[in-house]
Structure formats: structure tokens, C-alpha cells
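Assemble the complex: chain A is given as a structure, and chain B must be docked to it using the hints.
Number of protein chains: 2
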Amino acid sequence: MEKVIADQEILDSIIKPTSIAVIGASSKPGKIGYNVIENLLASKYEGKIFPINPNASEILGFKVYPTILDVPEPIDAAIMTIPAKLVLGAIEECGQKGVKGIIVITSGFSEVGERDLERQIVEKANSYGMRILGPNIVGVLSNTNKMNASFAPTLPLPGKGALISQSGALLIALDMATFTRKVGFDKLISIGNMSDISFADLINWLDKDEDTTSISLYIEGLKDGRAFMEACRAAKKPIVALKSGVSEHGAAAAASHTGSLAGAANMYKAVFKQAGIVQASDLGNLFDRTLAVSLQPEFRGDNLLIITNGGGVGVLATDAAEKYGIPLKFAPQDVQMELKKYMPEFGSAKNPVDLTGVASAEWYESSVRNSLMHPWVDALTVLYCEVAITHPMDVAMAIKKAVDESGVKNKPVTVSFVGGVESDKAMQWLVENNIPAYATPDAAVNAIAARRGRSVKPHEARERS
Amino acid sequence: MEKVIADQEILDSIIKPTSIAVIGASSKPGKIGYNVIENLLASKYEGKIFPINPNASEILGFKVYPTILDVPEPIDAAIMTIPAKLVLGAIEECGQKGVKGIIVITSGFSEVGERDLERQIVEKANSYGMRILGPNIVGVLSNTNKMNASFAPTLPLPGKGALISQSGALLIALDMATFTRKVGFDKLISIGNMSDISFADLINWLDKDEDTTSISLYIEGLKDGRAFMEACRAAKKPIVALKSGVSEHGAAAAASHTGSLAGAANMYKAVFKQAGIVQASDLGNLFDRTLAVSLQPEFRGDNLLIITNGGGVGVLATDAAEKYGIPLKFAPQDVQMELKKYMPEFGSAKNPVDLTGVASAEWYESSVRNSLMHPWVDALTVLYCEVAITHPMDVAMAIKKAVDESGVKNKPVTVSFVGGVESDKAMQWLVENNIPAYATPDAAVNAIAARRGRSVKPHEARERS
Numbered sequence: 001m002e003k004v005i006a007d008q009e010i011l012d013s014i015i016k017p018t019s020i021a022v023i024g025a026s027s028k029p030g031k032i033g034y035n036v037i038e039n040l041l042a043s044k045y046e047g048k049i050f051p052i053n054p055n056a057s058e059i060l061g062f063k064v065y066p067t068i069l070d071v072p073e074p075i076d077a078a079i080m081t082i083p084a085k086l087v088l089g090a091i092e093e094c095g096q097k098g099v100k101g102i103i104v105i106t107s108g109f110s111e112v113g114e115r116d117l118e119r120q121i122v123e124k125a126n127s128y129g130m131r132i133l134g135p136n137i138v139g140v141l142s143n144t145n146k147m148n149a150s151f152a153p154t155l156p157l158p159g160k161g162a163l164i165s166q167s168g169a170l171l172i173a174l175d176m177a178t179f180t181r182k183v184g185f186d187k188l189i190s191i192g193n194m195s196d197i198s199f200a201d202l203i204n205w206l207d208k209d210e211d212t213t214s215i216s217l218y219i220e221g222l223k224d225g226r227a228f229m230e231a232c233r234a235a236k237k238p239i240v241a242l243k244s245g246v247s248e249h250g251a252a253a254a255a256s257h258t259g260s261l262a263g264a265a266n267m268y269k270a271v272f273k274q275a276g277i278v279q280a281s282d283l284g285n286l287f288d289r290t291l292a293v294s295l296q297p298e299f300r301g302d303n304l305l306i307i308t309n310g311g312g313v314g315v316l317a318t319d320a321a322e323k324y325g326i327p328l329k330f331a332p333q334d335v336q337m338e339l340k341k342y343m344p345e346f347g348s349a350k351n352p353v354d355l356t357g358v359a360s361a362e363w364y365e366s367s368v369r370n371s372l373m374h375p376w377v378d379a380l381t382v383l384y385c386e387v388a389i390t391h392p393m394d395v396a397m398a399i400k401k402a403v404d405e406s407g408v409k410n411k412p413v414t415v416s417f418v419g420g421v422e423s424d425k426a427m428q429w430l431v432e433n434n435i436p437a438y439a440t441p442d443a444a445v446n447a448i449a450a451r452r453g454r455s456v457k458p459h460e461a462r463e464r465s
Numbered sequence: 001m002e003k004v005i006a007d008q009e010i011l012d013s014i015i016k017p018t019s020i021a022v023i024g025a026s027s028k029p030g031k032i033g034y035n036v037i038e039n040l041l042a043s044k045y046e047g048k049i050f051p052i053n054p055n056a057s058e059i060l061g062f063k064v065y066p067t068i069l070d071v072p073e074p075i076d077a078a079i080m081t082i083p084a085k086l087v088l089g090a091i092e093e094c095g096q097k098g099v100k101g102i103i104v105i106t107s108g109f110s111e112v113g114e115r116d117l118e119r120q121i122v123e124k125a126n127s128y129g130m131r132i133l134g135p136n137i138v139g140v141l142s143n144t145n146k147m148n149a150s151f152a153p154t155l156p157l158p159g160k161g162a163l164i165s166q167s168g169a170l171l172i173a174l175d176m177a178t179f180t181r182k183v184g185f186d187k188l189i190s191i192g193n194m195s196d197i198s199f200a201d202l203i204n205w206l207d208k209d210e211d212t213t214s215i216s217l218y219i220e221g222l223k224d225g226r227a228f229m230e231a232c233r234a235a236k237k238p239i240v241a242l243k244s245g246v247s248e249h250g251a252a253a254a255a256s257h258t259g260s261l262a263g264a265a266n267m268y269k270a271v272f273k274q275a276g277i278v279q280a281s282d283l284g285n286l287f288d289r290t291l292a293v294s295l296q297p298e299f300r301g302d303n304l305l306i307i308t309n310g311g312g313v314g315v316l317a318t319d320a321a322e323k324y325g326i327p328l329k330f331a332p333q334d335v336q337m338e339l340k341k342y343m344p345e346f347g348s349a350k351n352p353v354d355l356t357g358v359a360s361a362e363w364y365e366s367s368v369r370n371s372l373m374h375p376w377v378d379a380l381t382v383l384y385c386e387v388a389i390t391h392p393m394d395v396a397m398a399i400k401k402a403v404d405e406s407g408v409k410n411k412p413v414t415v416s417f418v419g420g421v422e423s424d425k426a427m428q429w430l431v432e433n434n435i436p437a438y439a440t441p442d443a444a445v446n447a448i449a450a451r452r453g454r455s456v457k458p459h460e461a462r463e464r465s
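Note that the protein sequences, when read in sequence, are chains A and B. The opening position of the first sequence corresponds to residue 1 in my numbering, with each subsequent residue numbered one higher. The opening position of the second sequence corresponds to residue 1 in my numbering, with each subsequent residue numbered one higher.
Treat the hints loosely; a few may be bogus.
[Said to hold, decoys possible] Listed below are the simulated DSSO-like cross-link pairs for lysine-lysine, each with C-alpha atoms no more than 27 Å apart in a straight line:
hint : chain 1 : residue 1 : chain 2 : residue 2
1    : B       : K323      : A       : K273
2    : B       : K401      : B       : K341
3    : A       : K223      : B       : K350
4    : A       : K182      : A       : K208
5    : B       : K44       : B       : K146
6    : B       : K237      : B       : K409
7    : B       : K273      : A       : K323
8    : B       : K341      : A       : K182
9    : B       : K182      : A       : K182
10   : A       : K323      : B       : K160
11   : A       : K237      : A       : K160
12   : B       : K401      : A       : K269
13   : B       : K401      : A       : K425
14   : B       : K269      : A       : K323
15   : A       : K329      : A       : K273
Quick caveat, the hints were computed from the structure, so don't treat them as lab data. Since the model is a prediction, treat every value here as computed from it, not as a measurement.
Just chain A, with the same shape it has in the complex:
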């Protein structure tokens, strides 16, 4: 028990430290040891920053100390940007100083065959009760803690989920993509070689973190499958994972890239299912499903209702529902009776509910509110095909209003608007108001299916035991 509590504190000191030493701090723009301090400043980090460098006196306005032992105050986390061969010595000094967590950005360890050196730094750190994130990482970024402790150029667009990435390059690229995809994260954590701190450690920590609603993973290869499984099973928050290297040739490519063994597609699929992990099929899907699981409640039960103003998108969504394991059922008579009030004669109240192209924002509002409040409906996907008769933003606001006024908080809702610039704006507004919205009906249904990831049905529970 004591170790778990200690780990919790150490991870606190790595993910939300109140003081950071940058060992290898540099006064030269372009150097990682400079970027990290520049980024901490730019992100308005509120903790203390101590640059360490025997050959400098001041960097970006901060007093520089020759060694960490010269710093007169306690230090939570030490970030290493010094060459690999100097890391072991620096860790020894960190241990003497009483640092809690070590973030090793430096590369040149097991990923290039230097396994002994990597083992040595972990042993050294652990001997002082410290733990290591990395090596070979980009760093740690947190919107809540206003901390860009990395060489990634900026904090991500704010969101509610956390992302742990085994690839540093991809973490940087995804960080930038949060702004173009309009899907944010609260935290981005680069895990690199996983010499010490593992996915399991971070999942345990994030599951308890009150600023994180969901956990997304980009996994190239796992080192301790059992601990990973246990952490995922124990987690109360939804976990979405993209596993790369699931093809035969991909596994070989991954092995040469990271040095850790990537497994077969089916094995991971089975493992993920058992652990209640929502699998992402590609990078786009990782963003899409993260959006849904980070913003929406669990999809308990089987009944997805689809509301649309276009027969075409309704049928596409119906196909998608079957594809993603939620075959639609016709709504019961009382649901249909109610919905018939908000559509013309030629509409359909069955499921998908087709309000038809003449649907007004008011019809959307009434049908969404009443559907959500009916006990038969477990989840709702609302589709809108852009038509001249209604403005996309009016429909978006009607949906949001209906969701809020229904008072229903335990049923997930996703949306898809198919259309042009105005539909895109309306969808962005919905996302900013915590309703996941997607450019295709398929993606909206795929996203709501992701919210079923952790619900355990009787036969699944049996499989697990």
C-alpha cells in the first residue's frame, strides 16, 4: 500500500510539479534546454523554474545554478536535456537533492541499443525513491496546470481528456492537430522508452485526477501487459487506445523503431476488449472517439435513437449502427406518437426518426428533448443535412437547449451536420458546449458506440470471470 501512495505523490510531482529544475538548460534558442524553459514561460507555468547549467548565469531571466545541489529550495521534478552519458551522474545529484520525479527528454538509450545505460539510470533513480518518465520523450503538457514542460511548440487546444503517447514525434504533431481538428486535450504525456513509469502507472494516476475525464493512449508496444490490463480494468474513466504495429509487417517496422515488441492485431483486440478499452481504428478515430468519451456519459442499454432531417443520412447512420454493433430497433408506439407531433405527414417516427427536410429548429428541440426524457431511449444521435430552410447554428442551439432542459445527464448524445462552412461553425459551437459533433453520420454513430466500451453486459461479465 505504501508504495502506491508514494507513486501517487511522485507522479503528482511529475505531472503537476510545483517546482522544476531543467538540467541542461541552455541560453541558445533552438536547443531543447532552451525550448523547455521558453515553453514553461509561454504556458504561464506558475511553479518555480530552476535552470541548471555550469556554464551560464542567466537564461530567459532566471538565475542559473551550476548543479541541482546548488538550488536553495526543494524541487519536485527534474527535466533532463543533457547528453545521455551525463544523465546517470545528474540523477545521482537529483537523488542527493531529494527530487521526487525525473523527466528524461534525452534520447540515446534503449532505442539505440543502450539498454544497460537505461537500466542503470532507472536503478539509480529508484535507489533514491525517485521514478523516471522516459527517456526519449518530448515532455509533459497540461492545460490545467498551465505547464508546457516539453519541447512541443504549444499547449494543446484545451479539452477534458488526457493523451499518453509512446511516439514523441506523433505527440508533437497531434498537439498541433488539436487546433485544426478542434478536438482538445487537458494533458499530453510523452512516455517514450517506458524505462520505469509505464502506461499502467499513468493510467492509475489519471484515473484519480479530477481534471481528467478520459484517457487516450497511442501504444506502439507494451512492456508489462498484465499491469496494463489491471490498470485498465480498474480504471473508472473511459480509455481509448490506438495500437500501432498490429499488422505483420507493421510489427517488424515497429520493432526496428522502438525496440519494444509489437503484437498481432487479434491478440490486442481481445486484450483490449477484456480490459474494457475502446479501440481506435486510426489517428482520426482516436480524436473522434476521445471527443465522445471525454464529453459524454456512458451508453448503458441498447437503444440508440437517431433523429434526422434527411432520409439519406438517416440510412447511412443506420448502416453505421449495425457496423458498430448497435443494431437499431423501431421506437415503441408511445415514443412514435410523441415524435409524430414534430414532423409532417410524410415524416417517419420509427427509427431513424425522419423529421424531413422541412424540419424547423423547434421540431429538433422538441424531438430531442422528448426523446431524451423517454426511458426507452438510452442514447441519441442527431443528424442534420444542411438545407436552406433552417440555419445550422439555430439547429445546433436547439439541440443544446433541448439537452440542457431535458435534465437528462446519463445518456450520451452525438451529432453530425453534413454541409458547408455554416455547418462546420455550428458543429464547433456544439463541441465547445460539450456535445461531440462530426462531419459524417458514420463518425457520429461510431463515437456513440465508443461510449459503450466499458459497459459490461451479462455475457461479457461471464467471459471476463
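This is chain B only, laid out in the frame that chain A set:
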């Protein structure tokens, strides 16, 4: 033979008419009979426009004629926007006038059970040698012919492919989405109830049209599967199709929406494969695959080479290759020897070719050029993970330069940049320069796989015969 030639001329008169009568032209903004004329004007249509309405004298500057028989000049196409019950009489007059093609925008036919009326208008038109597009359609849009003969708000973003859509609402929404997705079309054709002119007719015509490089279809249900199959098999241009209503429940929903029978997923999959059609999995994929087939040559052979600056995206692309039926092979020694010149010691020339994060635009240029020119390489997917060391636009320009300077025109190339705003801009520039670019490695590989759709391997040829 004569009938085929006649049909060709009739379809010419519908898709690129030199004169149009709008029967039901209106002077009231908001009416479809007004919108169509307004849209013809806005699209700078260069043919003649004759509004027909017994109760108006001038609409948007055009002289209005009481009936089509009063028009003193010959007319290629008549667009009907009058109520359904008046269409039959108007078609009689069109026949007397010598009109060639009829575009019936009006709804209220077989989709609401009026099958007899629909049959009557077709019989009437055919009796005069005319043919009907529709009824229950949005109209016809063509960038090449500067013609928005529809009530869709605008011509689509220009592109090289044509799209035929069975759903009018979806056609309008996709029209608008061409601008946000940055994937254009040359033509959009709404096919509606397919009372007379079928998918097969339009595919035959588009296959011969010199302004069309590929044909995309949104299909809800086919009426004449045999003719459709024959048209697709005979077509020399690539065909991409999204079939909706492939799920059990979706088929039921589709039947209530369009009145035509939607079939099972597997049946369509088999039919499409036999006909050499590239299937799209959803609306996003329809855009993605259209982009590739409309811009890139056929992927003949089996050898896809992937070039990347990021191990992570390389592995994801490798997984995607296996998923989409193009398992990667290691490049032969001479290819590897050449590529080794453009990467650091720790790069990999196997496949995926990892130029590593330090890759310059020059390395991209050299490796793309040399790969394309090597006979082993049949197709190329180039990946770039946004890093500080290179600017995305420089990499995009290097790729384009290498493709051009290689002189190789018979191997498809797709690209994926993972990153932020600058990566998006670079990808848009690539698309404008005829190189399909996608936000994820998975999509880039899926797109290049789409270019294999029509290549017939020996065992497939045997299956066909």
C-alpha cells in the same frame, strides 16, 4: 446502335445543354422556379434561358413565355418545377416543341406512391424520343459548363470527378461540403426516382465525357442491376460508390424513404467487386477516395513504398496497408542502397522508409524522385509528421517537384501530413496541384488502395469470365 447514339445526344442536352427552358419559372425569390434561374445566372451559364410561365412577363431580366411552344428558338433541355399534376401536360408540349431532354425537379411521384403518374410521364416523354432525369431531383451542376441548373445554392468547388447522387438533400449538403473538405467535383447530378435515366445511362455518358476523370456514386437502391453492372464493367474510368441501406434495418429505412429496394451488404460488396467498383465506406471515405481516383493513375502491381519522417506514422501506414489489402514488402537492395543516401545512420530504408525526424525537404525530394523512377515501386505514399526542423510547405513543394521531375505518370502517389495549420495549408496546396493529401496515414493508404479497384489480376479475370 442508333438508340445509343440518340441517348448520347439526349444526355448531352441534359448535362451540357446550349438552351434551357424553365417550366414553372417564378418571379418570387425562394421558389424553386426562381432559384433555378437565379442559379443559372450566378453560375454564368452561357447557353440560352427561357422562363416559361403563363402569368409573368419578365423574370430576372429574361422574357417569359406563356408556354414552351411560344419560344421562337430550339430548346435542348426543359427543367420542370411545376406541380406534379401539371408535368404530364408540359411534357406533351415539350414533345411537340422538339425538346430533347427533360429534367423533372418536381417531387410527388413514385416516392409518395404515385407510380402511375411517374410511368405516364416517362411513356409520354419516350413517345417523343425524349428522356427524363428524375423526377424528385435537385438538378444538374457542372463546373466545366458553368451551369448550376438546380436549386442547390452554388456550383461545387471545382474538381475532376463527377458525382451522381440518389439523395437530393445529400447532394446539396455534399455540394456545400466540397468547400470545407477541399475536395471538388466537376459535375453533380441528382438522379432522384430514376424513372427513366438510370445510373447506367449516366455512367456510360460520363465515361465518354472528356471533362470527367472519375465517377462517384451515392446509391440508395438500384432498379436495374444488370445494366448497372454492364455499364460499370465497360467503363474505362474509375468508379467509386457509396451504397447506403446495406444493414438490415437500414434497408427497411431506405425502402420507406425512396421506394426502391435496398439490398444486403454482402450482395453489394460482391457485385461491386465483380464490376470493378471501388467501394466507399462512408461519406468521408467517398470524398477521400474520389480525390485519389480523380487525380491519380491506376495502381498496377503490388509494391507500395511508404516514405516517412516519423516511425510512428510509418507503422500506422503499414498497418493500414495490410488492412486495405496491400501488405508491404521490404524494398529490394538497390532501392535501399539509393535511399540510404538521404537519411542518417539510424534511418531505415526497408519499407516504410524512415528518413527520421531530421529529414530535410531535399531528402524528401531525392527519395521521392528516385523511388518513383525505380521499376520495383508501383505506388508511393509519402508521410510527414510536422516537426520544427522543416516547414510543411517546403516538404509539399519538394514532393511535387520530385513527382514532376521524375517524369513518371503511371504510378499513383498519395500524401499524409500530420500536424497543425501549416500542414493543412501544405496539404491543400498539394491537392490543388493534383496530389491527394490526407490528415491521417490511414486515409492516404486507403486512398492509394482505391486506385487498385479496377486493376484485374489473372485470378480475378478468371472469376469474371
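Going through the hints against the structure:
Between the alpha carbons of B:K323 and A:K273 the distance comes to roughly 20 Å, so the proposed pair stays at or under 27 Å and holds. In summary, the hint linking B:K401 to B:K341 is supported, as the alpha carbons are separated by about 19 Å, within the 27 Å threshold. Simply put, A:K223 and B:K350 have alpha-carbon atoms about 25 Å apart, close enough for the 27 Å limit, and the pair holds. Note on A:K182 and A:K208: the hinted pairing holds, with a Cα-Cα distance of about 26 Å set against a maximum of 27 Å.
For the given pair, B:K44 sits about 6 Å from B:K146 by alpha-carbon distance, which is consistent with the 27 Å threshold. At roughly 16 Å between alpha-carbon atoms, B:K237 and B:K409 fall within 27 Å of each other, so this suggested pair holds. Distance hint between B:K273 and A:K323 is fulfilled; the C-alpha atoms sit about 20 Å from each other, no more than 27 Å. At most 27 Å may separate the alpha-carbon atoms for a hinted pair to count; B:K341 and A:K182 exceed this at roughly 39 Å.
Taken as a hint, the B:K182 and A:K182 pair is honoured in the structure, with Cα atoms around 17 Å apart against an allowance of 27 Å. With a C-alpha separation of about 31 Å, the suggested pairing of A:K323 with B:K160 is violated against the 27 Å cut-off. For the hint pairing A:K237 with A:K160, the CA-to-CA distance comes to about 12 Å; that is within 27 Å, so the pair holds. The straight-line distance between the Cα atoms of B:K401 and A:K269 is roughly 41 Å, outside the 27 Å bound, and the hint therefore fails.
For the suggested pair B:K401 and A:K425, the alpha carbons sit about 36 Å apart, so the restraint of at most 27 Å is broken. With a C-alpha separation of about 14 Å, the suggested pairing of B:K269 with A:K323 holds against the 27 Å cut-off. Note on A:K329 and A:K273: the hinted pairing holds, with a Cα-Cα distance of about 25 Å set against a maximum of 27 Å.
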